[in-house]
Structures are given as structure tokens and as C-alpha cells.
Amino acid sequence: MDINTKKLKKNAFRVTKERGKTAIRVRVPGGHIEAKHLLILKNIAEKYGNGTLHITTRQGFEIPGISMEYIDDVNKEIQPVIEGLNINQVDPNTGYPASGTRNVAACVGNNVCPFGNYNTTDFAKRIEDAIFPNDYHVKIALTGCPNDCIKSRMHDFGIIGMTEPQYDPYRCIACEACVDNCRDRIVGALSIENNKVVRNEDKCIGCGECILKCPMSAWTRSEEKYYKLVIMGRTGKKNPRLAREFITWVDEESIIKIILNTYRYVDKYIDKDAPGGKEHVGYIVDRTGFQEFKKWVLKDVELGPKAIVEENIYWY
Amino acid sequence: MGISLSNKEFNNILDELKKEYKIYAPKLFKGKGRFSDTDLVRYDEISSIEEIEFGKKSYYSPKEVLLPITQTLFYFTEDKVIEPEIDHKKTLVFLRSCDIHAVKRLDEIYLENGVEDPYYKRRREKMKFILMECEKSFENCFCASMGTNETDDYSLFVKSEGDRVFLDIKDKEFSSYFDTGVETEVFPNFVKENKIEVNIPENLDIDIFKSLMWKEYTSRCIGCGRCNTVCGTCSCFSMQDIFYKDNERTGERRRVWASCQIDGYSEVAGGFDFRSDQGDRMRFKVMHKIYDFNKRFGYQMCVGCGRCDDACPEYISFSNCVNKLNEKVKEGK
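Residue numbers (this note's numbering), protein chains in the order written: chain X, 1 to 316; chain F, 1001 to 1333.
These are computed hints drawn from the structure, not numbers from a lab.
Where hints are given, some of them may not hold.
To be verified - Below, a sample of chain F positions facing chain X; criterion: calculated Cβ distance under 8 Å:
#, residue
1, K1032
2, D1037
3, I1069
4, T1070
5, C1224
6, G1225
7, Q1240
8, V1256
9, W1257
10, I1262
11, S1266
Computed from a predicted structure; not experimentally measured.
Just so it is clear, CB atoms sit at the ideal spot from N, CA and C, and this is done for glycine as well.
If we strip away everything but chain X, and leave its shape as in the complex, we get (with noise of 0.2 Å):
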């Protein structure tokens, strides 16, 4: 069996532990599916792997125990599920062209959960539209609200909804519900003077429960969505560790330049020499330093007024 690897992995198939399987794995941006596309998946799982599905960490699927004989035709059968997700090919019925990029995560967001600050699925489906195919390895995560459920914080990006909560102080009656809400369970950013509420700007994360819990409305939500950018967390062996705040009060467009703009640092930064020409983003800012990385990823990006980008980072 003559079979190029590295042209297999940048098909999203991979080599696994039983010699001559593989196993394909599947892009769902934003982790949210139409139901009719698992059908497929069930029938190239039966078909051609060994019946089962392996639901992934990154909310893809992976299909094993596929001979690697049929990587065509399993190219060709998934080749709906590609469409359907809107997933960019470079020739239709040759399965995904790049796997260095990973599927785009989120949480559920508002279109179910109560506390999304915005549609986490959409945003990650418009990331995914600007950054796939590529070979570049980057992690991207988002998540509705600084809960963060997706675990963000463990992603070069990480993207955290945020609302700026409107008040209308005629409409409060002071029933106190978001100052205790903010108190024990988020940062106590609300305090009572004068019976009614006052917001501490700077201690906001604008999770806009305070929004959640208002029985009268007096707390509604900013017409702009913000969002925290969070960024070079990771897992692995070398040095795991938590993202950090690089912007927070950030708008869609910026994020989606600052990423673009990423792909592009790493271009120039990588290192050339890299075992097997891969090297995780996080450790180029690492070599490079922040203030390098940060003049290249904010070059031509007009961030709103509201945006609070961090003089460095210190990642610990």
C-alpha cells in the first residue's frame, strides 16, 4: 500500500493505530447541525468504517476504521455534509482541503440558551468562512457569556459575548435582585445609592444577568453586541496555560481582522525548521513577544470607542 500521508492529514483523514484504517473527520463550524446530515455520517460510519462515531473534543465527528481504499468515495458521500455546512472546498467531491485550521467551536449561545449574550454559531460560521482552508494550526472557540462553557480560555482565540447593560432608573424600583445577583455570583460591579443602581463600569463584564433578573426592565441591553477577546490559551505538553484578555468591549469586524490578520504574523514568524513544519501560534507569540504579535494583528483594524486593549500580557 502506497499511501503519502501528509496529503491524507491535509484531508482531514488520519493515520491511526490499526495499520491500513484511517478515519475522516468531520467540520461543524459553530457545533450545530441539521439532523439529516447525521444519516450520511451514519451510513459512511456502516459503509466503510466499522459502525461507530467518535463524537470530537472540538464538536466535529471522526469516523474510524476506514480502509484507507476508500478515501475517494468516502469523499465523495460526505460531500453533502460538506455543502450543507457551507464548509469552503477547493474541488467539489474531494473532501476538506486543509486540517491544520480547526473546526471553529461554540457553545450554544442565544439560540437556546437564556444566557448567550449573542448567536455564537453564526459568528463562528462567519469565522470559519474567513480563515478556511488552511494549513496554519489555530484554535478558535466561542462562547455565549463569560461563563464560558465552551472553555474558551483554552484556545488561541477565544471569543466571550458580552452586552453593555442599559439603564433606566425610572423604571427600577429597587428590588435589588441584579445588585445580589452581581454581588454573589458574578464581580459585584452593581451597588444601591439613593435607591437606585449604580454600575461600576470598570468592574462590568457585561455577562448581562443583571438584564436576566430585572423584573421591570429597567436593565435592557446595548443595540451593539460586544465581545471579550481572550487569547493564546492551550492544552498540550509544553507549557499548557489559560488565555488572557487582549481586547475587551470588541466588536465582530475587529475580531475577524485581528484573526486574518494572525494568519498572516504567522506567515512571517513561523519557524521554518519546525518538526514537520508545524507550530502552534501561541508559541511564535511566545518567541516573538506580544508587542510584535499585537503590531501585526491590529494593523488596519479601527476598534470601537468602547475597546480596551491590554499595553501587554503576562501569561502564567
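Since the structure of chain X is provided, determine the placement of chain F on it from the hints.
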């Protein structure tokens, strides 16, 4: 009889009316719902027919127009008390049958229950109703059970169909405004029945206080007060004396809505809280709506708009509670 006119003609008349009236109606506030990317329907001033949300039940009731949420009664300095200017403009409110019945309950509380409340009176005197019809019962409504599904207590009836407005003018004061338009038959449609039927127990008395059924709400209710704030008949307020930060010898006295479900309502001087258990608070509210008020005024307070059920984050149903109460009374528990 009635008339029909184009939206544009109607809006021109609204402009005329606005010289004399403030016009309030349920309005859709985009993105202002509690959850992200959801909307809120509540009362606000409007200036065109297109702004009025006819198709949805307003989350908050029209009582907001009559009872300011925060109202400054007077400002005080060391030696003077000053009352705020009174807005002399009259008001017109678009509202549904149940909500018109709810205003009657507010009248009872604020005008017929001993001393008249001057703040309420001066707003109420200047208010006239424009009836909105309900083509069908909304979720959680039980107006038919409460007998509030029909009314003839309104000045105008207005319905919107595409680019035309149909209206019936009952109050002669408005005839002069509507001298244009095509004559046509216009009658409001009233809901005859709801999916939910509520049976208020006969022979209810305070023995039911002892029932164990209230205990259920001790654990279920979180005391957020939404059932009160959205209710068209809840009329409680609290007083707040405010001393300005920059000069603590000056300040103001406000009255602000209050809720019998929220902490503090039953707290008295010395710090004792005579109804701290949510089950007890639920009992108090339910009994007020279907027993106490009736005992004093001869008809039920609740109008069956179902807003309390719409709003409860814990999915507690007032209507179901009353029906359970009915079963308990029948069983003699």
C-alpha cells in the same frame, strides 16, 4: 356604524390629536427583550398606527400610563417644599378589554377606597380609552372566566388591517376629528372563550390559609416579583425619601412601585418580616386577587390577562393555582 380610512389619513388625525393628547399604545422594542436577540412589547407614546403592536399581548400592562413607576411627589430644601409641574395634557390609551376592566379595579383602589389619591385622580380624569380587539385568545389568557372579555367602556375602537384603519367612534368628543373616511360597519370582535378556564371556589374563606398547598410555592417561587410588575391590577407602591449626595439637606420624596413577592414588602420597623416565606406571599397575592378584593368591592380583582403566567421564570401558573384551590375547597382541605 364606523368609518374606514387609510393609514396616512389616520396618522394625520393622530397628529391633530397629539396637540391635545398624549397617545400611548403597546409598542415593540427591538432587541429589548430579556434574552439576547429578543424583543419587548410595552407601553410608550406613539405617533403613527404603524408603531402600534396589535398582534402581541404587551408584556407589561397599560397601568404604566396611569401609575408612574417612579414619581417624584415633591422636592424639599431646608425650608421649602416644591411640587413638580403637572402635565396638563390629556391622554389616550390603546388597550384591550381585559385591560380596560383592570383600570376599573385601579379606580376602585385609588378613588373609591376611602380617601381619593390625588396623584392618580389627576391622571385618570384626563384619560380616555381606545379599544383594541383580540382576534383570538393569547396564551395564558382566561378573560372569559373572569368576565372581562367584553366591554363597552371606550371612546374609540380602532383596528388595523394592512394599509387601512377601521374605527368606531363612541365618544362625541372625537367626532370632529374624524370627518374624513368611508362609512362602514365596524364592530369589535371579543374573545368568547379561552383555552384556560378558571373556576374560583365558592364558599372560599380564610380556613384555606391552613392548606398545605401553599407550601409548594415556598420552594418553587424565587420572589422576583415579575407577576406583580406585569399585572394590570397590582397597585402597590412604596415611598422613598432621597437626600441628594452633594447637599444632604435637600432631596425629594418619590413613590415607586412595590411588589408583595419581593423582600422588604412585609418588613416593618424594627426589622421584623411578617410574611417572609414565598408560599405565604403567594397565598397573600392569590387571596387578594380572588377573595379579599371581592369581599370588599363585590367583584373579583383578577381580570384574567394571564401576564403573571407569561412572565413567571419558574413557570408558576396563577390560573392553575386558583383551579387547584378550587379542588382543595371541594375536597374540604
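*asked:* Let me make sure I understand: some of the numbered hints might not hold for this structure. Which ones are they, in numerical order?
replied: 11
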